[in-house]
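> These are the residues of each chain, in order.
2 protein chains.
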Amino acid sequence: MTTSPARRGRPGYDLESLLQVAVKLFNERGYDGTSMEDLSRKLGITKSAIYHHVPSKEELLRLAVDRALDGLFAVADETAALEGPAIERLEHLVRGSVLVLADRLPFVTLLLRVRGNTKVERAALARRREFDHLVTDLVKQACAEGDVRPSLDPAVAARLLFGAVNSLIEWYRPRRDSPPTDLADAVCTMAFEGLRG
Amino acid sequence: MTTSPARRGRPGYDLESLLQVAVKLFNERGYDGTSMEDLSRKLGITKSAIYHHVPSKEELLRLAVDRALDGLFAVADETAALEGPAIERLEHLVRGSVLVLADRLPFVTLLLRVRGNTKVERAALARRREFDHLVTDLVKQACAEGDVRPSLDPAVAARLLFGAVNSLIEWYRPRRDSPPTDLADAVCTMAFEGLRG
Numbered sequence: 001m002t003t004s005p006a007r008r009g010r011p012g013y014d015l016e017s018l019l020q021v022a023v024k025l026f027n028e029r030g031y032d033g034t035s036m037e038d039l040s041r042k043l044g045i046t047k048s049a050i051y052h053h054v055p056s057k058e059e060l061l062r063l064a065v066d067r068a069l070d071g072l073f074a075v076a077d078e079t080a081a082l083e084g085p086a087i088e089r090l091e092h093l094v095r096g097s098v099l100v101l102a103d104r105l106p107f108v109t110l111l112l113r114v115r116g117n118t119k120v121e122r123a124a125l126a127r128r129r130e131f132d133h134l135v136t137d138l139v140k141q142a143c144a145e146g147d148v149r150p151s152l153d154p155a156v157a158a159r160l161l162f163g164a165v166n167s168l169i170e171w172y173r174p175r176r177d178s179p180p181t182d183l184a185d186a187v188c189t190m191a192f193e194g195l196r197g
Numbered sequence: 001m002t003t004s005p006a007r008r009g010r011p012g013y014d015l016e017s018l019l020q021v022a023v024k025l026f027n028e029r030g031y032d033g034t035s036m037e038d039l040s041r042k043l044g045i046t047k048s049a050i051y052h053h054v055p056s057k058e059e060l061l062r063l064a065v066d067r068a069l070d071g072l073f074a075v076a077d078e079t080a081a082l083e084g085p086a087i088e089r090l091e092h093l094v095r096g097s098v099l100v101l102a103d104r105l106p107f108v109t110l111l112l113r114v115r116g117n118t119k120v121e122r123a124a125l126a127r128r129r130e131f132d133h134l135v136t137d138l139v140k141q142a143c144a145e146g147d148v149r150p151s152l153d154p155a156v157a158a159r160l161l162f163g164a165v166n167s168l169i170e171w172y173r174p175r176r177d178s179p180p181t182d183l184a185d186a187v188c189t190m191a192f193e194g195l196r197g
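Residue numbers (full-length UniProt numbering), protein chains in the order written: chain A, 1 to 197; chain B, 1 to 197.
Heads up, a few of these hints could be off.
It does not matter which identical chain is meant; a pair holds if it fits inside one copy or across any two.
Claimed, not checked - Cross-link-like lysine to any residue pairs, in silico, SDA-like; alpha carbons within 20 Å at most:
1) K140 to E193
2) K119 to R129
3) K24 to R115
4) K57 to E121
5) K140 to S178
6) K140 to W171
7) K140 to G197
8) K140 to D185
9) K140 to D182
10) K24 to R113
11) K47 to T34
12) K42 to K57
13) K140 to Y172
In case anyone wonders, no lab produced these hints; they're calculated from the structure.
These figures come from a predicted structure and were not determined experimentally.
Use the sequences and the hints to build the structure in full.
Right under this line is the structure:
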């Protein structure tokens, strides 16, 4: 068996694998509680080796939260291009969001814990709010089209809908739980049709 | 107008008001990130004045998370004493939990952020798991009684149900939003009957 050059000695990191480790550490210790020193210790490489890939800790955060946000906005763009009743477009958005969460779980976890202490965090919060508005607007449209229970306030319904979706970061474990498509089905059934059979 | 002795000079704190301020600070900065020094500065009293009321920071945490947990378990006990179909008992539990969250929002917020680094945190997590089991058991019973959509996995349904309930800590603002009983109605309608009208 020949050993490829990349496998020799201490493993090398590219930006992607470095980002994965950074996100895991940020999620464990908090972004504020993690230093570049901690990261270099965890990776077993020098800080200057990290700075070869990325200029700052904040840039790692930006890359990480954008990974989550870009996924969610890609689904939002898809949804905006659809025709048909708003309730069906909303269901498409919910289903797609669940798949993004399941696929990018550590990145979304980090995004949902962002508090807004830095420029990158404030920009992420602004994009989150933009996404939340898209959801609320769709629920309102579905209401106007008569496809939402009239007793429900659209803003509250939108919050509860994504409250359930976002809760995945607390309990969904891809290797243990049902596959993402089944999960997306369960979320949509529960949210749109309700628990009661 | 006479000034009562308690109003003279620097305001005095009893354990309750001290706890309220501590919980607010823990929620803003994280439990680990808040020192008794920070708390004494915030309260404008000495650390020994705090220790007059409470032996440690961890005891403040215990009092705070127990305030949340005791509320939730009081609802669980009420629910356990009910007769009738499991789906109705589950609805009672969800409704009561929403009212506890709305009433004890800062305490539940702290509880839901606990990570398990100390004995008090691990005990809180154990009680949370116990509560989650009660919920899952009720959903399973409701399934067995044929009152839950057969396509839904009871464990996933239980997670999504309390995912929506627990999301209140992220967005519910008692002074701005609808009153707690309306909120509880909205959560139950959405969870049990679904969004689709």
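> If a hint holds in the structure, say so; if it doesn't, say that too.
Status of each hint after checking the structure:
1. K140 to E193: both (18 Å within a copy, 18 Å between copies)
2. K119 to R129: Intra 15 Å, inter 37 Å, cutoff 20 Å: intra-copy only.
3. K24 to R115: For K24 and R115, both the intra-copy (17 Å) and inter-copy (15 Å) Cα distances are at most 20 Å.
4. K57 to E121: within (12 Å within a copy, 29 Å between copies)
5. K140 to S178: For K140 and S178, only the inter-copy Cα distance (17 Å) is at most 20 Å; the intra-copy one is 32 Å.
6. K140 to W171: between (29 Å within a copy, 18 Å between copies)
7. K140 to G197: Result: close only across copies, 13 Å inter versus 26 Å intra.
8. K140 to D185: For K140 and D185, only the inter-copy Cα distance (19 Å) is at most 20 Å; the intra-copy one is 23 Å.
9. K140 to D182: between (27 Å within a copy, 19 Å between copies)
10. K24 to R113: both (13 Å within a copy, 17 Å between copies)
11. K47 to T34: within (13 Å within a copy, 29 Å between copies)
12. K42 to K57: Classified as within: same-chain Cα gap 14 Å, cross-chain 31 Å, threshold 20 Å.
13. K140 to Y172: between (29 Å within a copy, 19 Å between copies)
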